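> Residue strings, one per chain:
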Amino acid sequence: MHSSTISERRRGGDAPAARSGPSHGAQASRFGVLPGFGLTMGYSMLYLSILVLIPLATLPIKASDLGWEGFWAAVSAPRVVASYRLTFGASLVAALVNTFFGFVVAWVLVRYRFPGRRFLDALVDLPFALPTAVAGIALTTLYASNGWLGSRIEQWWGWKIAYTPAGIVIALIFIGMPFVVRTVQPVLQDIERELEEAAASLGAGRLDVFLKVLLPAVFPALLTGFALAFARAIGEYGSVIFIAGNRPMVSEITPLLIISKLEQFDYAGAAAIATVMLGFSFVLLLFINVLQWWKGHRDVGRTK
Amino acid sequence: MSSVDAAVADGIARPGWRAHAAARRASAQARQAPAHLTEPRWVRTLLLLAALGFLGLFLFAPLITVFAEALRRGTALYFSAIADPDAWAAIRLTLLVAAISLPVNLIFGVAVAWAVTRFQFRGKQLLVTLIDLPFTVSPVVAGLVFILLFGRHGWLGDFLLAHDMKIVYAVPGVVLATLFVTFPFVARSLIPLMQAQGSDEEHAALTLGASGWTIFRRVTLPNIKWGLLYGAILGNARAIGEFGAVSVVSGHVRGLTNTMTLHIEILYNEYMFSAAFAVASLLALLALVTLALKSWVEWRTNVQQGGAGRAAIV
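Residue numbers (the working numbering), protein chains in the order written: chain P, 102 to 405; chain F, 787 to 1100.
So that you can see chain F by itself, here it is in the shape it has in the complex (with noise of 0.2 Å):
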C-alpha cells in the first residue's frame, strides 16, 4: 500500500487531519509526563525558543510584512489599487479559473478514487503514483508543456491558427495550467479516506437492491464529504495562487489575461510595492482563511467521528 498513501503531498499533508485527535490524546500525556520522561526545564526552554525562532524568521516575518507593506502609504492607496481596473481584471480572471478548477478537480478526484479504492487491478500503483507527478513536476515545465502542444510552433499550433482559436497566451491556458497544478489535491484527500472507510456500506447497499448512482449519492457521498471539502479548500488555494505555471503560459496580457499572482509581479517589478502588496494582502487573507477553514474542517471530522471513526480520517 506505500504508494496508496504515498506521501507528495503538496499542500496534502494530511497528518494534520489526524494531528488534532492524536493531539487531544497526546495532551493529556504530555501534562501528565513526568519528570523522567521529559526533558530538563533549560532543554525544554531552548526547544521551544527554537521553534518559535525560526517560525518567526520564517512564517511571521513574512505575513506581516505582506501587511505592513500594504498600509504603509495610507488606506487610501491601499484601496486605490485593489479598486484599479487592471487588478479587478485579474481578480475576476482568478476567480473565474478558480470557479472552473474546483468542479473538474471534484469530479476527476471522486472518480479516480472510487476506480482506485473500490476496485483491484493491474497498475494501480503506478496510476497513484501520476496522481503525484504535479507535485513534484516544476510548475514551470507544467507551463512548457502546453506551450509545445499549444503555442504557434506547438504540434497544434497550425490548426489552432486555422480554425482562429487561441489556447496559450490566453485564458484557456491559464485554466490548463491550473488544472495541471490541482488535479492531484481532491484525489490525494479521499483516496487514503475512501480506503480507510472500506465498501462495506456500499456493498450492503448493492444487496439491498440499490443503483450505482444512488449507492453513490446516498451511501459514498455522505461518508466522504469532508474529505471533498478538504481537498477542495487545499486545491482551491493553490488554484488561486498558482503562479509558475500560469505566468509561461499567460502572456501577461494586463487586463486580458493576468491572474492576481501575475498582477501583483507586474506591479513588483514596477516598483509598485504598495500596490504590489495591496493586492497580495487579499491572497494572504485568503491564505488565513484557507487556513482557518481546513482547521475547521479537521476539527468537524474529529468531533463527528470520535476516536473510533478516527482511523478513517486521514
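Bound conformation, chain P alone (with noise of 0.2 Å):
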C-alpha cells in the first residue's frame, strides 16, 4: 500500500518497473477508452449503498427519534462516558505500548539475522488471522487469576489483569500488535545505509544516527501504525469482552453498552452511541488519511 508507493517514488526513476502515481495518472485520465466504467462503477456504488451507505444511515436517523435533548442525555449518561474514558484510555495505553514494541520488533526484523526471523515475521500477522474470540478467550484463561501467566503475575507483583481495565489493555495489545509492526517494517528495510554511512563518517555515534536520521525517517509510518492500531482497539469488541469482566463503570466497553441496550430494546439509545462511535470512525479515517498524505509528500519531497 502506502509504503510501496512511497518506496518507488523514493527510488526516482532509478527502477524501470517503477512506474509511478502521475504516469498512470496520464493514462487513467484517457477517460472512456477502456470499457466497463459504467458496468463496474454501477455496480461498485449500487453495492456499497446497499450493503454499507443505507445500513449506516439509519445510525443517524434512528438517533434522532430521541430529539436533540434525548439524544444528549443518552450519549452523556455517566456509564456511557465511563465506557468512553475506559475505551480511549485502554485504547491509547494499548495503541502506544504497540508502537514502541511493533518498533523493537520491525527494528530487529528488518536489521538482526537470527535463526527463526522467517517464522516469526510470518506470525507477526496471527492477530489478524485468529478469530478474536478466540484470542480473547485464550488471553483470559493465560491472564486470569489461575491462569500460567496471570497466577505468576499476581504471585509476584500482586496485579490482576484478567477482569480488570488492564486485562482490556492486554487484549487491545494482542489485536493492534501487527499494525506498527507492518507499517514501520518496510519504511525501515527503504532506508539507504549510505545515509548512515554518511551520518557515521561525519563523526554522529550511533545514538545520533539513529535519533537524527533514522527515528525521523520512520516516524510518519510510527504515527500511522499507532493511528492504526488505535483505530482498531476503538472499535474491538469480540477479544474484549471475555477478558474485561464487564463491570459497569468499571470494565465495560462502549460497544458492550450497545449491545445491552440492544438487548434492553432500546435502539434509539443504541444507535446514538453507535452515531458518537460512527463519529470517530470518520475522525480516525480522516486522520489516517491526512497522515498518509504527509508520509507520501514528505517523500517526494525527501527525492527532490
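Check the hints yourself; a few may be wrong.
Unchecked claim - Pairwise CB distance ranges, derived in the manner of DEER restraints:
1. I1052(F) x A178(P): 46 to 56 Å
2. L147(P) x L834(F): 22 to 32 Å
3. W249(P) x S866(F): 41 to 51 Å
4. I1052(F) x H398(P): 49 to 59 Å
5. E298(P) x W1085(F): 24 to 34 Å
6. L863(F) x K313(P): 58 to 68 Å
7. S165(P) x T861(F): 31 to 41 Å
8. F945(F) x W173(P): 27 to 37 Å
9. L193(P) x I1052(F): 44 to 54 Å
10. S361(P) x F945(F): 21 to 31 Å
11. S361(P) x P889(F): 28 to 38 Å
12. W173(P) x D986(F): 53 to 63 Å
Hints listed in this document are in silico derivations from the structure and should not be mistaken for laboratory results.
Because the structure is a prediction, the values reported are computed rather than measured.
Even for Gly, the Cβ is constructed at its ideal location relative to N, Cα and C.
Once you've looked at the hints, go ahead and assemble the two chains, each given alone in its own frame, into the complex.
Written out as C-alpha cells, the structure is:
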C-alpha cells in the first residue's frame, strides 16, 4: 500500500518497473477508452449503497428519534461516559505499547539475522488471522488469577490482570500488534544505508544516527501505525468482552454498552451511542488519510 | 494518491507483500553491516530479547494456550466436543457464510478496483476512503445497523413480517454482517496492485481489437491473480473468524444461527472450557494455515515477478 508507492517514489526513476503515480494518472485520464466504467462503477456504487451507506444512515436517523436533548442524555449518561473513558484510555495505552514494541520488533526483523526470523515475521500477522473470540478466551485463560501467566503476575506483583481494565489493555495490545510492525517494517527496509554511512563518516555516534537520521524517517510510519492500532482498538469487541469482566462504570467498553442497550430493546439509545462511535471512526479515517498524504509528500520532497 | 494507498488495513497490512523481497535485499546488507553501522552487541541482544519477550507474551503464549487447553482433558473429549451436533451445525454455517462471502467479495473487489484504477472521476478519493470504512467501524456497530434495518422494529420490519421473511436473527443476517466486515479485503489488495501495473497492456489489447471481457480474462486476470488470492485469503480468514458483528445479528440459536465463534462463546460462558478450546483450536489451525498461505503467496509473487516487478506487487 502506501509504503510501496513511497519507495517507488523515493527510488525515483532508477528502476524501470517503478511506474510511479503520475504516469498512470495520465493513462487513466484517457477516459472511456477502456470499457466497463459504467458497469463496474454502477455495480460498486449499488453494492456499497445497499450494504454500507444505507445501513449506516439508519444510525443517525434512528438516533434522531430521541430528539436533541434525548440524544445528548443518551450519549452523556455517566455509565456511557465511563465507557468512553475506558475504551479510549485502554486503546491509547495499548496503541502506545504497540508503537514502542512494534518498532522494536520491526527493527529486529529488518536489521538483525537470527534463526527463526522468517517464522517470526510470518507469525506477526497472527492477530489478523486468529478470530478475536479465540484470542479472547485464550488471553483470559492465560491471564486469569489461576492462569499460567496471571497466577505468576499476581504472586509476584499482586496485580490482577483478567477482569480488570488491565486485561482490556492486554487484549487490545494483542489485536493491534501487527499494525505498527507492518507499517514501520517496509520504511525501515527502504532506508538507504548510505545515509547512515554519511552520518557516521561525519562523526555521528550510533545514537545520534538513530535519533537524527533513522527516527525522523520512520516517524510518519510510526504515527500511522499508532493511529491504525488505536482505531482498531476503539471498536474492538470480541477479544475484550471475555477478559474485561464487564462491570458497569469499571470495565465496560462502549461497544458492549451498545449491545446491552439493544438487549433492553432501547434501539434509539443504542443508535445514539453507535452514532458517536461512527463519528469518531470518520474522524480517525480522516486523520489516517492526512497522515498518509503527509508521508507521501514528505518522501517526494526528499527525493528532489 | 494518499488515500488510494491509504492504510486502514485490517489484515491488509500489505507491506507484507513486499516485505520479503526487500528483506532479501536487506539481508545482504545486514550481514555485512560494519561495526559503525550497527549497534553494540549488548544493545542488539537487548532489542532482540525485548522483541522476543513481547511476541512471546502476547503472541506465542495465547496460541499455545489454545492448543494446550483444548487437549488438557484428553483427546477423547477433544473429539467429542468437535463431533457434537451443535458444533457441527456451527461449522457448517461458518463454512456456508464463508462460501457465500468469498465470490461476492471477489466480484465487488474486481469491479471497484477496475473502476478506481482504470478511470479518472470525481469523488474517487471519497470512494476509496469509503472502502476503508469497515476497518474503523466497530463490528458491533456493523451488526446494529442491520438490526435497525431488518429487525422487528426496524424500517423494513413490518414488510418482512408481512411476507414471512426473516433476515436478522437468522442466516441471511449473519451473511450480511459478514459481508459488511469483509468487503474491503479483495478491493484493498487489488487497488494498489492494479494502480502500479498501469493499464498499458489493456490498452494494447484494446487496439488489437479485443473485447472488454477478453481483455479482462486474458490480460488483467493473469496479472492480478495473486493479488486476488491474497485478498481472498485474508477476507476468508475474517469471514470465518468474525465475531462482534455476527453476534449482534445472529440471535444465538443453537444449531441454527450459531457460527463457530459464537458456539465457542456459548461453550465458554457455560464453563465448558475444554470444549470451547477444542472448537477454538480448529480456528487457530485455520489461522496458521492462513498465515502459511499468505507467506506462500508473498513468496510466489516475489519469485515470479523478480526484482523488477516488485514495485507492482504492493
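> Taking the hints in turn, state whether each one holds.
The hints, checked one at a time:
Taken as a hint, the range 46 to 56 Å is violated for the pair I1052(F) and A178(P), whose Cβ atoms sit roughly 30 Å apart. As the Cβ distance of L147(P) to L834(F) is approximately 52 Å, the hint placing it in 22 to 32 Å is violated. Our hint of 41 to 51 Å for W249(P) and S866(F) is violated, since their Cβ atoms are close to 25 Å apart. The supplied range of 49 to 59 Å is met by I1052(F) and H398(P), whose beta-carbon atoms lie about 50 Å from each other.
Here the CB-CB span from E298(P) to W1085(F) is close to 31 Å, well matched to the stated 24 to 34 Å. Our hint of 58 to 68 Å for L863(F) and K313(P) holds, since their Cβ atoms are close to 59 Å apart. At roughly 56 Å, the beta-carbon separation of S165(P) and T861(F) lies outside the given 31 to 41 Å, and the hint is violated. Checked against the given bound of 27 to 37 Å, the beta carbons of F945(F) and W173(P), roughly 32 Å apart, stay inside it.
Under the hint 44 to 54 Å, the C-beta atoms of L193(P) and I1052(F), about 32 Å apart, miss the expected range. Evaluation of the 21 to 31 Å hint for S361(P) and F945(F) yields a pass: the beta carbon distance comes to about 28 Å. Taking the beta carbon of each, S361(P) and P889(F) are about 36 Å apart, inside 28 to 38 Å as hinted. For W173(P) and D986(F), the Cβ-Cβ distance of about 56 Å falls inside the hinted range of 53 to 63 Å, so the restraint holds.
In the structure shown, a violation is registered for the earlier hints numbered 1, 2, 3, 7, 9, in ascending order.
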